[in-house]
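Asker: This is what each chain is made of:
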Amino acid sequence: MTDAPTRAAAPVASPLDPERVSADFPILAVGPNTGRRLAYLDSAASAMKPSQVIDSLRATYESAYANVHRGVYAHAAAATENFEAAREAVRDLLNARSPREVIFTRGTTEAINLVAYSWGRTNLEAGDIVVTTELEHHSNLVPWQQACAATGAELRFIPVDDDGVIDVSGLDALAEGGRLRMVAVVHVSNSLGTHVPLDVIVPWAKSHDALVLVDGAQSVPHRSVDVQALGIDFLAFSGHKLMGPTGAGALWGREELLAEMPPWQFGGEMIRRVEYETSTFNDLPWKFEAGTPAIAEVTAMGAAIRYLQELGIDAVHQHEVEMTRYAHERLLDVPGLRVLGPELGVERGGVLSFLIEGTHPHDIATLLDTYDVNVRAGHHCTQPLMKRLGVHATARASVYAYTTREDIDRLIDGLAEVRRVFGLA
Amino acid sequence: MDDLYREFILEHYRNPQNYGTLEHPTFEAEGQNPLCGDELHVQVEVDDAKVITAVRFTGQGCAISQAAMSILSDEIIGKSLEDVAKLSREDIVELLGIELTPVRLKCALLGLVVVKMGMHDHAGTAAPAGWEGVDEISWART
Numbered sequence: 423m424t425d426a427p428t429r430a431a432a433p434v435a436s437p438l439d440p441e442r443v444s445a446d447f448p449i450l451a452v453g454p455n456t457g458r459r460l461a462y463l464d465s466a467a468s469a470m471k472p473s474q475v476i477d478s479l480r481a482t483y484e485s486a487y488a489n490v491h492r493g494v495y496a497h498a499a500a501a502t503e504n505f506e507a508a509r510e511a512v513r514d515l516l517n518a519r520s521p522r523e524v525i526f527t528r529g530t531t532e533a534i535n536l537v538a539y540s541w542g543r544t545n546l547e548a549g550d551i552v553v554t555t556e557l558e559h560h561s562n563l564v565p566w567q568q569a570c571a572a573t574g575a576e577l578r579f580i581p582v583d584d585d586g587v588i589d590v591s592g593l594d595a596l597a598e599g600g601r602l603r604m605v606a607v608v609h610v611s612n613s614l615g616t617h618v619p620l621d622v623i624v625p626w627a628k629s630h631d632a633l634v635l636v637d638g639a640q641s642v643p644h645r646s647v648d649v650q651a652l653g654i655d656f657l658a659f660s661g662h663k664l665m666g667p668t669g670a671g672a673l674w675g676r677e678e679l680l681a682e683m684p685p686w687q688f689g690g691e692m693i694r695r696v697e698y699e700t701s702t703f704n705d706l707p708w709k710f711e712a713g714t715p716a717i718a719e720v721t722a723m724g725a726a727i728r729y730l731q732e733l734g735i736d737a738v739h740q741h742e743v744e745m746t747r748y749a750h751e752r753l754l755d756v757p758g759l760r761v762l763g764p765e766l767g768v769e770r771g772g773v774l775s776f777l778i779e780g781t782h783p784h785d786i787a788t789l790l791d792t793y794d795v796n797v798r799a800g801h802h803c804t805q806p807l808m809k810r811l812g813v814h815a816t817a818r819a820s821v822y823a824y825t826t827r828e829d830i831d832r833l834i835d836g837l838a839e840v841r842r843v844f845g846l847a
Numbered sequence: 008m009d010d011l012y013r014e015f016i017l018e019h020y021r022n023p024q025n026y027g028t029l030e031h032p033t034f035e036a037e038g039q040n041p042l043c044g045d046e047l048h049v050q051v052e053v054d055d056a057k058v059i060t061a062v063r064f065t066g067q068g069c070a071i072s073q074a075a076m077s078i079l080s081d082e083i084i085g086k087s088l089e090d091v092a093k094l095s096r097e098d099i100v101e102l103l104g105i106e107l108t109p110v111r112l113k114c115a116l117l118g119l120v121v122v123k124m125g126m127h128d129h130a131g132t133a134a135p136a137g138w139e140g141v142d143e144i145s146w147a148r149t
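Going line by line, the protein sequences match chains A and B.
So for the first sequence, the numbering used here puts the first residue at 423; every next one is plus one.
So for the second sequence, the numbering used here puts the first residue at 8; every next one is plus one.
Chain A extracted, bound-state conformation (with noise of 0.2 Å):
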């Protein structure tokens, strides 16, 4: 099952060289603990910024400095000039009809937070049902039931087999017996790498009339997200996992949605006119964007962005395809090792959690570290998934451009050791 994220006139991807991506990511030419090259693979949590963001933010603050919007001199018309050209570049990226449609934001959690408080606590009633799925980070679990709760609407779940992949086949039963209004669902699982099949749920939900709203974190960053093409109505990503800094992502969302949402918080940058007893608010995008922004950090992201796309993300998206189905192959061969999550063979995200009969995943984490191999241990932010799959935590291992089929034979090797020091080789 595919959803059709690639634009049409996309050119043919040359292959990717990731020893010559890696040259621009300073950190990770000499690691901490062996000063030899990082093997970071911990991407899916947040990835490293070449040197093209980290000048960015250099630029801003050395040379188009001032707070955004409406100062007169020229140092805030360049950091205003640069700033909206991040919002330009957030809309080319995700082909967006408008830049209006672009809500800066801290992350993927404060853009699902917006359309939680905004649109769901002004038109989510009781009798209204809210769709989302079992492999939930809780960014996008929490806000739904935190709005639920404050509404009187019903959260409901589209389940996962035990391999974490996603069970359409009882869609039509989640819309029973009330009125399907939103169905907010992540695009590809932090935690298993499930790729979800929009191309099934966006119909399924516009043919109730609800709303989708997608969980980019894991997708925007690593392939071709076209929100027209797909469909949907809203699409939250985080700037940080697509090499920018921490602080900035976007809410993407139809202008005439958006147009009708209210501001969900208030103050400075958001207003029009204000007098002692009432305001009216600005205009889309600024409505939503209520205070300083950070101004350095959205202009990285779209420093960010640029880099991404000068990469080509179809070029990005086909490496990480072979990389994580080396490691997938590497990492079956591992004696005692269990993969969790769609199959090998099946589409997935870059992400590959794993656990080893006799060892804890912090353990794991933790002498891999020693030998400069990063990898995440816990739950990922998934508890409920956790436990639906049976399992206290996993390691997880993830991709990004910057990944060599070096950096895998040493988390393959990585593991070997863990073995010898737990007694299991």
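If you are wondering where the hints come from, they were derived from the structure by calculation, not from laboratory data.
Every value quoted in this text rests on a predicted model; they were computed, and no experiment measured them.
You may find that some hints are simply not true.
Stated by the list, open to error - Residues of chain B placed beyond 12 Å of chain A at every Cβ, according to the derived structure:
#1 Asn25
#2 Glu37
#3 Lys57
#4 Ala61
#5 Asp81
#6 Glu101
#7 Leu102
#8 Asp128
#9 Ala130
#10 Ala133
#11 Pro135
Unchecked claim - Okay, the calculated bits of chain A under chain B, using three or more residues with CB under 8 Å as the criterion:
#12 779 to 793
#13 799 to 806
Even glycine gets a Cβ: it sits at the ideal position worked out from N, Cα and C.
With chain A's structure known, arrange chain B on it following the hints.
Answerer: For chain B alone, coordinates are given in the frame of chain A:
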């Protein structure tokens, strides 16, 4: 960091001391570290002089949490409750003889937190300042 998994720790992980259950514990408590899913259930037997005569625990989780509980159980048998109440974070680090990052320190402290909370719950005294709700560790009377 290599030292974290020295043989001393691994031996306690593989063959924990005082693992199991007591028939007539004086008090018991359990705790979890939701960060990594470490779990410990600790039972303690105390004599009339308020000296610990037996400890048993069950649990699952990372090597640090389980080994630390095993080492702690050896340490507190024969000690008075008063002495156990005085045990600090630093004492645990010293007992383990390893350096821990803040995240892994939580794993190492789980056992002591459970013992302290069980003890104070049994005595009906308030948990000592700074220990109730240590970080993300939760506990429950059993």
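Asker: Please go over all the hints and tell whether each is borne out by the structure.
Answerer: Verification of the supplied hints:
1. Taking the minimum C-beta to C-beta distance to chain A, about 20 Å, the non-interface status of B/Asn25 holds against the 12 Å cut.
2. No beta-carbon of chain A is positioned within 12 Å of the beta-carbon of B/Glu37; the least distance is around 15 Å.
3. Residue placement check: B/Lys57 keeps its beta carbon more than 12 Å from all beta carbons of chain A (closest about 35 Å).
4. With a minimum CB-CB distance of about 27 Å to chain A, B/Ala61 clears the 12 Å threshold, and the non-interface call stands.
5. No Cβ of chain A approaches the Cβ of B/Asp81 within 12 Å, the least distance being about 21 Å, so the stated non-interface status holds.
6. Non-interface call for B/Glu101 relative to chain A: holds, since the shortest CB-CB distance, roughly 20 Å, exceeds 12 Å.
7. At roughly 19 Å, the least C-beta separation between B/Leu102 and chain A is larger than 12 Å, which holds for a residue marked as non-interface.
8. With a least CB separation of 25 Å from chain A, B/Asp128 remains clear of the 12 Å interface cut-off, as annotated.
9. No beta-carbon of chain A comes within 12 Å of the beta-carbon of B/Ala130; the shortest separation is about 32 Å.
10. With a least beta-carbon separation of about 30 Å from chain A, B/Ala133 lies farther than 12 Å from that chain, consistent with its non-interface assignment.
11. The claim that B/Pro135 lies off the interface holds: its Cβ sits roughly 27 Å from the closest Cβ of chain A, which is beyond the 12 Å cut-off.
12. For the region 779 to 793 of chain A, the stated coverage by chain B is satisfied: 9 residues place a CB nearer than 8 Å to a CB of that chain, which reaches the threshold of 3.
13. By the rule of at least three residues with a Cβ nearer than 8 Å to a Cβ of chain B, the coverage given for the region 799 to 806 of chain A holds, with 4 such residues.
Going through the hint list in order, the structure satisfies each hint without exception.
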